[in-house]
Amino acid sequence: MEFEPEIVIFCCQYCTEAADTAGASHLGYPANIKLMELPCSGKISIIYLLKAFEEGADGVCVIGCEEGACHFLRGNLRAKKVVEYTQKILEEIGINKERLKMFNLSSLESQKFVQISKEITEKIRELGPIF
Amino acid sequence: MIIAERKPIKEIEKMIMPYKKVLIVGCNTCVTICMAGGEKEVDILASSLNLLFKSKHKEIEFIKRVVERQCEKEFVEELKEDIASVEAVLSLGCGVGVQKIVEVFPHIPVYPGLNTKSIGAPEEEGVWKEKCVACGDCILDKTGGICPIARCSKKLLNGPCGGSQDGKCEIDKNLDCAWQLIYDRLKLLGKLDQLEEIIPVRDWSKANDGGPREVIREDVRLKNGK
Amino acid sequence: MKKGVFICKCGGSINNIDFQAISNYIHSFNQIDCIKESQAFCLPEGKDLIKGEIIDSTLDRVIIIGCSLEEKRKIFEGILKECGLSPQALTMVNIRERCAWVHQDKRRATEKAKRLIKAGISHSSLLKIFEEEDISVNKNVLVVGGGIAGIEASLELSRLGCKVTLVEKEPELGGKVKRLANIYEMKLKPGEFLSKKIKLIKESENIKVLTSTEPIKIEGNLGNFTVKLNKLSEEITIKVGAIILSVGCQAKFMRKDYGFDLSRSVITHLQLEKLFINGEEIPQTICFLLDFANKSSRISFLSALKNALLIKEKVASEVFILYRQMQVSGYHLEKLYGEAREKGIIFFKYEDSPEISFEHSLVNISVFDPLLKKRVGISSHLLVVEEEIMPMSEFKELGLDSKGLYQEENIWLYPAESNRRGIFFAGECREQEDVFEALTDARAVAGKVYNLLRRGKITVNLNRAVVEVEKCALCLNCIRSCPYEAIGKEFYKDEDRYAAKVDKLSCQGCGICSSICPAGAIQLTQYENEQIITECASLLTD
Numbered sequence: 001m002e003f004e005p006e007i008v009i010f011c012c013q014y015c016t017e018a019a020d021t022a023g024a025s026h027l028g029y030p031a032n033i034k035l036m037e038l039p040c041s042g043k044i045s046i047i048y049l050l051k052a053f054e055e056g057a058d059g060v061c062v063i064g065c066e067e068g069a070c071h072f073l074r075g076n077l078r079a080k081k082v083v084e085y086t087q088k089i090l091e092e093i094g095i096n097k098e099r100l101k102m103f104n105l106s107s108l109e110s111q112k113f114v115q116i117s118k119e120i121t122e123k124i125r126e127l128g129p130i131f
Numbered sequence: 001m002i003i004a005e006r007k008p009i010k011e012i013e014k015m016i017m018p019y020k021k022v023l024i025v026g027c028n029t030c031v032t033i034c035m036a037g038g039e040k041e042v043d044i045l046a047s048s049l050n051l052l053f054k055s056k057h058k059e060i061e062f063i064k065r066v067v068e069r070q071c072e073k074e075f076v077e078e079l080k081e082d083i084a085s086v087e088a089v090l091s092l093g094c095g096v097g098v099q100k101i102v103e104v105f106p107h108i109p110v111y112p113g114l115n116t117k118s119i120g121a122p123e124e125e126g127v128w129k130e131k132c133v134a135c136g137d138c139i140l141d142k143t144g145g146i147c148p149i150a151r152c153s154k155k156l157l158n159g160p161c162g163g164s165q166d167g168k169c170e171i172d173k174n175l176d177c178a179w180q181l182i183y184d185r186l187k188l189l190g191k192l193d194q195l196e197e198i199i200p201v202r203d204w205s206k207a208n209d210g211g212p213r214e215v216i217r218e219d220v221r222l223k224n225g226k
Numbered sequence: 001m002k003k004g005v006f007i008c009k010c011g012g013s014i015n016n017i018d019f020q021a022i023s024n025y026i027h028s029f030n031q032i033d034c035i036k037e038s039q040a041f042c043l044p045e046g047k048d049l050i051k052g053e054i055i056d057s058t059l060d061r062v063i064i065i066g067c068s069l070e071e072k073r074k075i076f077e078g079i080l081k082e083c084g085l086s087p088q089a090l091t092m093v094n095i096r097e098r099c100a101w102v103h104q105d106k107r108r109a110t111e112k113a114k115r116l117i118k119a120g121i122s123h124s125s126l127l128k129i130f131e132e133e134d135i136s137v138n139k140n141v142l143v144v145g146g147g148i149a150g151i152e153a154s155l156e157l158s159r160l161g162c163k164v165t166l167v168e169k170e171p172e173l174g175g176k177v178k179r180l181a182n183i184y185e186m187k188l189k190p191g192e193f194l195s196k197k198i199k200l201i202k203e204s205e206n207i208k209v210l211t212s213t214e215p216i217k218i219e220g221n222l223g224n225f226t227v228k229l230n231k232l233s234e235e236i237t238i239k240v241g242a243i244i245l246s247v248g249c250q251a252k253f254m255r256k257d258y259g260f261d262l263s264r265s266v267i268t269h270l271q272l273e274k275l276f277i278n279g280e281e282i283p284q285t286i287c288f289l290l291d292f293a294n295k296s297s298r299i300s301f302l303s304a305l306k307n308a309l310l311i312k313e314k315v316a317s318e319v320f321i322l323y324r325q326m327q328v329s330g331y332h333l334e335k336l337y338g339e340a341r342e343k344g345i346i347f348f349k350y351e352d353s354p355e356i357s358f359e360h361s362l363v364n365i366s367v368f369d370p371l372l373k374k375r376v377g378i379s380s381h382l383l384v385v386e387e388e389i390m391p392m393s394e395f396k397e398l399g400l401d402s403k404g405l406y407q408e409e410n411i412w413l414y415p416a417e418s419n420r421r422g423i424f425f426a427g428e429c430r431e432q433e434d435v436f437e438a439l440t441d442a443r444a445v446a447g448k449v450y451n452l453l454r455r456g457k458i459t460v461n462l463n464r465a466v467v468e469v470e471k472c473a474l475c476l477n478c479i480r481s482c483p484y485e486a487i488g489k490e491f492y493k494d495e496d497r498y499a500a501k502v503d504k505l506s507c508q509g510c511g512i513c514s515s516i517c518p519a520g521a522i523q524l525t526q527y528e529n530e531q532i533i534t535e536c537a538s539l540l541t542d
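Chains as they are written, first to last, in the numbering used here: chain D, 1 to 131; chain Z, 1 to 226; chain R, 1 to 542.
Hints are computed from structural coordinates only; laboratory data are not their basis. Heads up, the beta-carbon is just placed ideally off N, CA and C, and yes, glycines get one too. There could be a bad hint or two in this list.
The following label-pair restraints were derived from C-beta to C-beta distances [to be verified]:
| hint | chain 1 | residue 1 | chain 2 | residue 2 | range |
| --- | --- | --- | --- | --- | --- |
| 1 | Z | Asp166 | D | Glu67 | 28 to 38 Å |
| 2 | D | His26 | R | Lys74 | 22 to 32 Å |
| 3 | Z | Leu192 | R | Thr459 | 36 to 46 Å |
| 4 | D | Gln115 | Z | Asp166 | 43 to 53 Å |
| 5 | Z | Leu156 | R | Gln250 | 40 to 50 Å |
| 6 | R | Arg108 | D | Leu127 | 44 to 54 Å |
| 7 | D | Glu67 | R | Phe19 | 55 to 65 Å |
| 8 | R | Ser233 | Z | Arg221 | 28 to 38 Å |
| 9 | R | Asn364 | D | Gln115 | 56 to 66 Å |
| 10 | R | Ala21 | D | Gly28 | 14 to 24 Å |
| 11 | D | Gly68 | Z | Leu189 | 53 to 63 Å |
| 12 | R | Gln39 | D | His26 | 17 to 27 Å |
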């Protein structure tokens with residue numbers, strides 16, 4: 001049987017609108033993707049990302065608004081830094097940092113959400129199970 | 001405050017590899033503030049180690065605690081029950097914290113999870129800089145309140161050297177020349193004449209040699225009831 | 001805690017999920033007190049079913065499985081309120097847009113739906129309900145800056161019944177409009193227009209005007225600001241609920257951009273207005289140089305076109321306008337541009353900056369027009385150049401945008417607000433505006449302020465940051481990182497110590513502070529760390 005990766009996307013409340021629009025338009029994306037909604041991508045903590053891997057995620061994404069368009073001014077830029085720092089930890093402990101990624105989109109870009117979902121699923125499928 | 005940063009995880013891994021159950025202890029003062037050993041960092045380190053060992057099919061159980069001040073016996077003693085249940089302690093305190101745990105609980109191996117770096121202050125969000133080397137004989141009165149021992153690459157007492165350029169240090173272009181800062185400050189205060197005074201060669205015996213330094217306040221000291 | 005799960009089939013629109021399997025799955029949970037299914041819980045029968053169950057089974061947590069559309073959420077929250085529950089007790093699990101409608105394979109969609117439901121149930125179990133809270137606020141408003149925007153905002157607020165203190169640092173009101181000779185499409189002279197407005201201000205009982213006064217310190221938060229004012233070295237303290245900053249902007253000629261100085265033959269737009277006001281003679285040829293420093297705005301174009309027409313009509317001079325890109329967005333500007341062309345004003349477009357030299361009292365301008373593909377020489381008696389628009393030096397800590405004006409970047413949630421809740425911007429300090437736009441802007445901002453304060457109390461956001469005083473190490477990182485300056489340090493009497501304090505009304509609930517807190521002392525009420533981690537774990541395991 002083909003490997004089905006477990007993927008969590010931490011998504012800011014405005015970017016989940018893109019996911020919901022994708023749903024309303026019946027744009028398909030892999031069922032591997034599971035969404036966790038945060039008020040702002042700036043709410044993301046290193047521990048959420050690490051715990052997600054601990055609990056069995058093979059890949060984790062953070063999605064925030066486009067740079068310069070964060071509803072909370074610079075939350076998405078902080079998220080980017082948190083993701084980069086966590087990637088360094090992953091490298092330290094021998095986990096491919098490609099398993100964690102940050103994307104930016106606007107609440108209207110449902111197509112882009114679908115594309116990100118497909119892309120990350122393919123990428124993680126390629127990398128195989130985390131353990 | 002004391003500035004520290006986490007050791008590379010690989011180094012920590014080697015220390016705790018032989019054990020099955022380890023207590024990770026953070027400290028809620030200096031190292032929390034410099035984001036090296038507070039509750040958040042204890043959680044992050046435990047989680048990182050879990051992932052690391054999971055990938056090696058090994059399992060170590062972690063107990064996570066944070067004490068108010070690891071450098072105080074009374075706070076460290078609160079760990080008694082936890083320590084009884086583990087094989088080793090990984091301290092996310094400064095070097096003082098590690099040694100205090102060792103003093104209170106001499107029978108259990110205690111490992112440092114942090115590298116203690118300096119006495120310093122936050123410079124901007126996420127940046128901490130050394131400001132004091134605890135030399136034991138403060139000369140800040142003579143140097144416009146800026147310490148050349150901590151902040152000049154060459155620790156010059158009568159600077160600047162010839163390598164001070166555009167206010168930066170020749171050793172590191174990102175580093176402000178401490179003597180430029182001293183000059184600017186004294187100018188601001190209208191006390192440039194202070195620079196004409198030569199600071200004499202220091203008595204380094206008050207600094208970090210000849211064993212640990214001690215501070216004694218006799219008025220609060222009652223040894224053996226006397 | 002009593003939980004009820006309601007499975008909605010969304011009128012049959014969810015067809016690739018095995019509802020039997022879902023139902024069995026939910027029945028396998030222990031601590032669920034009622035499970036109901038319906039074709040549509042958002043329709044009257046469905047709603048009644050939920051109401052009945054909440055009352056009969058004395059539920060205090062409601063989980064609705066179906067969609068998570070905002071308008072439906074409102075409906076269900078309404079039902080909860082009717083039954084005396086807090087809307088916070090509602091958890092909605094979207095198995096429609098986030099599952100059934102995007103995944104083809106029925107088996108996998110059903111498996112994912114189970115996970116989503118499990119996460120929803122764990123979310124619901126860890127939900128904490130907070131009492132809704134109102135905080136009383138001062139309904140008085142401070143308007144800083146007595147230009148046209150400040151005047152209009154004060155008048156509007158006064159009309160709405162708010163007490164306003166209007167402070168102006170100059171000895172009299174009026175601001176930039178005082179310096180204009182005329183206003184395009186307004187029959188009244190600016191002076192007359194202003195006097196009318198100022199008369200209204202003086203007549204209003206609700207407005208107190210303090211001229212030659214500047215604010216020196218703003219303390220407090222939305223609803224309860226304390227502002228220290230300095231009126232000719234006398235210190236006055238006032239308490240207000242909100243502040244409107246309409247401090248305008250500075251207009252300065254920047255020599256470094258042009259490479260030459262102002263002189264009798266080189267003047268700025270505002271100096272030209274002064275010539276008009278003083279009735280001085282306007283020379284025979286006049287040339288407007290626009291966008292030379294690449295910093296132009298359409299307001300400069302408005303000013304140039306308006307004055308060019310005026311000169312053309314009254315003095316019958318030769319008028320040239322040199323521009324890089326014509327910026328005439330907006331209906332009256334386009335019309336004005338058309339009129340200017342018709343009346344014989346000569347336009348030259350340029351790409352490379354024109355060469356300018358001076359000869360006795362004449363300015364020689366040599367410009368290559370890419371449309372004519374020719375170099376053109378103009379000799380003009382007067383060259384009109386632009387001032388650069390810069391922010392006033394006050395309140396820079398409230399955040400400047402990339403143009404150096406106040407907070408235009410924060411257009412997403414609060415287009416007229418500053419970083420600090422309760423402080424608003426109106427007029428040219430936020431964006432360059434013509435007089436009409438400034439009037440509209442000021443009225444809109446006044447309306448916003450009124451709306452915020454009119455009840456005399458404001459309801460606290462349910463989702464906000466709270467500090468666990470005992471754990472706070474007072475590292476100050478939250479204070480430094482809060483985008484809304486909603487956090488400060490405070491002495492807590494009960495705990496007898498200092499700790500961070502989040503202002504309930506200023507907090508917008510982004511959670512940046514809680515993610516940065518090294519002591520785990522700040523939690524977001526609706527997104528506690530434990531909740532998020534447990535919910536995430538539920539999503540990942542069967």
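These are the hints, each one checked on the structure:
no.	hint	result
1	Z/Asp166 / D/Glu67: 28 to 38 Å	33 Å, holds
2	D/His26 / R/Lys74: 22 to 32 Å	24 Å, holds
3	Z/Leu192 / R/Thr459: 36 to 46 Å	59 Å, violated
4	D/Gln115 / Z/Asp166: 43 to 53 Å	49 Å, holds
5	Z/Leu156 / R/Gln250: 40 to 50 Å	45 Å, holds
6	R/Arg108 / D/Leu127: 44 to 54 Å	20 Å, violated
7	D/Glu67 / R/Phe19: 55 to 65 Å	42 Å, violated
8	R/Ser233 / Z/Arg221: 28 to 38 Å	55 Å, violated
9	R/Asn364 / D/Gln115: 56 to 66 Å	58 Å, holds
10	R/Ala21 / D/Gly28: 14 to 24 Å	21 Å, holds
11	D/Gly68 / Z/Leu189: 53 to 63 Å	43 Å, violated
12	R/Gln39 / D/His26: 17 to 27 Å	20 Å, holds
Comparing the model with each earlier hint shows violations of hints 3, 6, 7, 8 and 11; every other hint is respected.
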